[in-house]
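My request is simple: use the sequences and hints to build the entire structure.
Heads up, our numbering is the position in the sequence shown plus 52, with the first residue counted as 1.
Treat the hints with care, as some may be off.
Within a straight-line C-alpha distance of at most 30 Å, the following computed DSS-like cross-link-like pairs (lysine-lysine) qualify [what the hints assert, rightly or not]: (1) Lys175 with Lys69; (2) Lys264 with Lys69; (3) Lys274 with Lys175.
Since the hints were derived computationally from the structure, they do not count as laboratory data. Owing to the predicted nature of the structure, the values given are computational and were not obtained by experimental measurement.
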Amino acid sequence: MCEAEGLSLSEETLLMKYFPYAINPATISRLDFLVRNLVEGESLDAGCGTGWVSCYLMEYHKRNLVQVDLSREALREAKVLFHSLNSTSCFLVKSDISELPFRDECFDNIVCFSVLEHVPSVKSVLEEFYRVSNVEGRLIVALPNKYGSYSLINDRFIPLILSIIGKKRDKNIRSYHETLQVFDWWKKEISSHGFQFRSHINIEFLQSLFVKVANILRIQRKSLWLLNLLDAKLATHLPRFFASDWIMVFEKAR
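Here's what the structure looks like:
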């Protein structure tokens, strides 16, 4: 067990919170693809959460990043993470990503992993991303597939089961995401805000299902390593409609 600031976390919870690439092959695929598509220059981790993406980039690829999140709790956790690694290149900013406190054209890369689907106004965020991006700067986003296993389980199946077994259908049982869309919708929406699509990779196929079953059976996630590795490999070869998530790379047009 790990105890930090009054919190007691299991080893698996700790790893998934701060170092998911240590036990999740699909996360390794995400990060490898991210690193290959970053350009030199200043980078922003928009919606950094616990800071695990920036942590990986700073620890293994010696990059300095500015990290932004609206949640004080997330920034606190990110600060704990970087402090534990003795990182001196940690720049944490509390801000709504739809109102970034930065000057125009100041970032060469914007990384936005599993965030856009949660924000109330995708349009406002993309306008800000365009404003703070340098010409030919990269925007790299990770997004869930509306019809992928992750969204079907978390946004449809689980709320349905909760509503069936609950005392009554509660208005508080709501979608986990604000915006769930298909690949072409996201591509068109982001492109309409001044970014040109470059490439993408499929991330995961049925891994979310494996994890839910493992949780029910109380099987540790690390025991699923080989199964999840095969799933991550398979996902890259499937039509994008079947992927659980995608990472999409855009470039700010001239």
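Results for each hint:
no.: 1; hint: Lys175 with Lys69; result: 29 Å, holds
no.: 2; hint: Lys264 with Lys69; result: 17 Å, holds
no.: 3; hint: Lys274 with Lys175; result: 38 Å, violated
Hint compliance for this structure: hint 3 alone is broken.
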